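Trainee: So you can see what is in the structure, the chains are spelled out below.
Number of protein chains: 2
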Amino acid sequence: MSIDVTILGCHSATPRENAHPTAQIVTIKNHTFLVDCGEGTQVQLRKYKVKFNKIKHIFISHLHGDHFYGLVGLISTFRLLNRETELHIYAPKGLKEIITLQLKVSKSWTQYPLYFHELNAAKSKIIFEDEKVMVSTVPLSHRIYTNGFLFKEKIGERKLNINAIANYPDIKICDYQNLKNGRDFKLENGKILENKKVTLNPPKPLSYAFCSDTEYLPEITPIINKVDGLYHESTFLNDKENLAKTTKHSTAQQAATIAKMANVKQLIIGHFSSRYKTKDTFLTEAQNIFKNTVLAEEGKTFKII
Amino acid sequence: MSIDVTILGCHSATPRENAHPTAQIVTIKNHTFLVDCGEGTQVQLRKYKVKFNKIKHIFISHLHGDHFYGLVGLISTFRLLNRETELHIYAPKGLKEIITLQLKVSKSWTQYPLYFHELNAAKSKIIFEDEKVMVSTVPLSHRIYTNGFLFKEKIGERKLNINAIANYPDIKICDYQNLKNGRDFKLENGKILENKKVTLNPPKPLSYAFCSDTEYLPEITPIINKVDGLYHESTFLNDKENLAKTTKHSTAQQAATIAKMANVKQLIIGHFSSRYKTKDTFLTEAQNIFKNTVLAEEGKTFKII
Chain A
1 MSIDVTILGC HSATPRENAH PTAQIVTIKN HTFLVDCGEG TQVQLRKYKV
51 KFNKIKHIFI SHLHGDHFYG LVGLISTFRL LNRETELHIY APKGLKEIIT
101 LQLKVSKSWT QYPLYFHELN AAKSKIIFED EKVMVSTVPL SHRIYTNGFL
151 FKEKIGERKL NINAIANYPD IKICDYQNLK NGRDFKLENG KILENKKVTL
201 NPPKPLSYAF CSDTEYLPEI TPIINKVDGL YHESTFLNDK ENLAKTTKHS
251 TAQQAATIAK MANVKQLIIG HFSSRYKTKD TFLTEAQNIF KNTVLAEEGK
301 TFKII
Chain B
1 MSIDVTILGC HSATPRENAH PTAQIVTIKN HTFLVDCGEG TQVQLRKYKV
51 KFNKIKHIFI SHLHGDHFYG LVGLISTFRL LNRETELHIY APKGLKEIIT
101 LQLKVSKSWT QYPLYFHELN AAKSKIIFED EKVMVSTVPL SHRIYTNGFL
151 FKEKIGERKL NINAIANYPD IKICDYQNLK NGRDFKLENG KILENKKVTL
201 NPPKPLSYAF CSDTEYLPEI TPIINKVDGL YHESTFLNDK ENLAKTTKHS
251 TAQQAATIAK MANVKQLIIG HFSSRYKTKD TFLTEAQNIF KNTVLAEEGK
301 TFKII
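Protein chains in written order, with our numbering: chain A, 1 to 305; chain B, 1 to 305.
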């Protein structure tokens with residue numbers, strides 16, 4: 001199994017025909033999470049055949065237009081498609097007011113349950129959790145209040161070692177769940193059978209962090225330490241390090257430095273400024289620091305393993 | 001000369017890759033007017049090479065998302081491109097609040113002058129006028145307050161008949177403007193030279209009306225009487241006449257009936273529902289009533305003459 005990250009848009013600021021603003025789908029366990037929702041995201045979702053009804057949770061990093069201007073349209077389209085499934089939106093304060101004002105003015109209230117979860121903490125916080133997955137914020141430093149998001153699988157159940165179990169006729173099917181939960185087994189002769197003799201370790205839980213937009217911020221490295229995949233913004237190249245500083249963005253090299261310091265497995269860089277015609281130098285500058293870097297690309301699905 | 005109407009989007013409700021929501025450019029005299037601004041309009045403007053800086057006036061028919069969700073992004077992009085030119089927006093009450101709330105939350109005030117002109121009249125009203133052009137509202141009937149727009153050229157100056165003028169050496173270049181303005185000329189011998197002997201009639205002023213969204217509304221025909229071009233919504237075919245009625249939209253046949261009753265020169269139909277895979281039947285049903293009908297088409301420029 002993997003966490004799948006499908007890039008719907010990985011460019012900064014103004015949308016263009018082949019350069020959409022930030023949006024991505026994170027498929028983790030049985031969830032289809034949408035992260036950020038720049039203008040045009042609903043069309044990108046259709047283009048890359050993401051089923052609308054599977055999206056139940058949307059995470060918005062911050063309230064600059066290139067990260068959320070597509071949201072009200074998506075919410076409206078869900079309404080037009082007679083959605084009934086509830087929708088949860090995790091976003092900084094202000095978004096609920098923006099969306100509800102527009103729905104009110106157009107007399108277009110959603111018929112499906114729409115919940116806003118307001119983010120305002122300055123420290124990392126768990127914002128979603130179920131039995132398989134946990135999502136926390138990664139507080140970033142940008143011109144306005146901004147969070148990245150850390151998606152973590154929980155440790156799963158132990159796997160049954162069917163060959164080993166075959167040696168113990170005392171074990172019935174109804175005992176399997178206890179074994180998966182890690183419990184030892186009491187044989188009929190009164191002896192205790194150690195759980196690990198009939199089970200295998202569960203797969204290593206995977207993790208993925210989305211960090212955009214932010215200035216170079218080493219303070220995040222403990223939070224994203226050893227994630228299997230890191231998406232980090234790299235708006236600029238080294239030639240614009242000063243501009244990165246004043247606009248509170250990062251360079252490719254800075255993104256790679258964060259990846260290196262946090263010992264992540266793979267780095268995906270994106271949020272490219274439209275001033276650059278090709279992306280090759282982003283890769284070169286990042287790989288000089290952190291070898292396992294790849295470029296985000298619209299429509300591409302990265303398998304985090 | 002002509003009024004040029006470039007269709008950026010002519011579909012209703014949910015945007016798709018090749019079916020954008022309503023937006024069009026009306027080029028009349030020296031103006032580049034943007035009419036409606038559904039999601040993705042700024043990308044369509046780039047695609048069809050409309051210069052951003054030429055757009056100084058934007059007319060919004062009503063506050064359903066498919067007619068204005070692209071506006072905040074366009075306003076933001078103008079800011080990012082360091083626009084200095086002022087921008088005027090003519091729209092129903094509510095839009096100013098929606099836009100300013102979003103700019104406030106994202107700390108993205110425009111550095112260029114941005115003016116909102118609130119439309120609230122129930123009767124047709126002149127909302128823009130200069131020496132060459134006049135724009136009035138066409139009150140429509142939809143589920144929320146909606147206006148169409150009537151764009152009219154004013155009668156221009158008379159044309160100098162240079163061959164005729166050559167017969168009157170008394171006439172100097174400095175007299176030309178008076179002749180263009182229609183004044184007679186006093187010859188040196190004291191006789192009065194009738195203006196029309198040395199000038200030609202100005203070209204007939206053209207007019208274009210945009211009517212979307214609306215139920216079938218014969219009351220508009222006096223306002224749009226004899227326009228050279230009429231864009232009228234035709235969301236549905238005859239098979240959905242009842243649905244047109246309940247959603248306060250029009251069928252192709254109803255659009256054509258309006259065109260016929262108003263004695264317009266040419267009808268463009270658009271705002272097609274995405275339920276129809278092809279547009280041929282829209283044309284057939286409309287042309288049965290009004291022969292000179294054409295289908296709106298993204299990227300196409302219609303010359304209103």
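Take these hints with a grain of salt, some might be off.
As the list claims (entries may be wrong) - DSBU-like, lysine-lysine: derived pairs with alpha carbons at most 35 Å apart:
no.	chain 1	residue 1	chain 2	residue 2
1	B	LYS204	A	LYS104
2	A	LYS104	A	LYS204
3	B	LYS277	A	LYS47
4	B	LYS245	A	LYS245
5	A	LYS56	B	LYS245
6	B	LYS123	A	LYS277
7	B	LYS159	A	LYS107
8	B	LYS204	A	LYS107
9	B	LYS49	A	LYS49
10	A	LYS47	B	LYS300
11	A	LYS56	B	LYS96
12	B	LYS204	B	LYS159
Derived from the structure by calculation, the hints contain no laboratory data. The structure presented is a predicted model; accordingly, all values stated were derived computationally and were not measured.
Trainee: Take the hints in turn and mark each one as holding or not.
Mentor: Hints and how they fare:
1. For the suggested pair B:LYS204 and A:LYS104, the alpha carbons sit about 44 Å apart, so the restraint of at most 35 Å is broken.
2. The suggested pairing of A:LYS104 with A:LYS204 is violated, with an alpha-carbon distance near 46 Å, which exceeds 35 Å.
3. In summary, the hint linking B:LYS277 to A:LYS47 is supported, as the alpha carbons are separated by about 17 Å, within the 35 Å threshold.
4. Using a Cα cut-off of 35 Å, the hinted pair B:LYS245 and A:LYS245 is violated, with the two alpha carbons roughly 56 Å apart.
5. In summary, the hint linking A:LYS56 to B:LYS245 is supported, as the alpha carbons are separated by about 34 Å, within the 35 Å threshold.
6. Proximity of B:LYS123 to A:LYS277 is assessed by CA-CA distance (about 51 Å); at most 35 Å being required, the pair is judged violated.
7. Of the pairs offered as hints, the one joining B:LYS159 and A:LYS107 is violated, with about 52 Å between alpha carbons and a cut-off of 35 Å exceeded.
8. Annotation: proposed proximity of B:LYS204 to A:LYS107 is violated, straight-line Cα distance about 42 Å (limit 35 Å).
9. With a CA separation close to 29 Å, the supplied pair B:LYS49 and A:LYS49 stays within the 35 Å bound.
10. Among the hinted pairs, A:LYS47 with B:LYS300 is consistent with the structure: their alpha-carbon atoms are about 23 Å apart, no more than 35 Å.
11. With a C-alpha separation of about 31 Å, the suggested pair A:LYS56 and B:LYS96 falls inside the 35 Å cut-off, and the hint holds.
12. Under the criterion of a C-alpha separation no larger than 35 Å, the hint pairing B:LYS204 with B:LYS159 is consistent with the structure, at around 12 Å.
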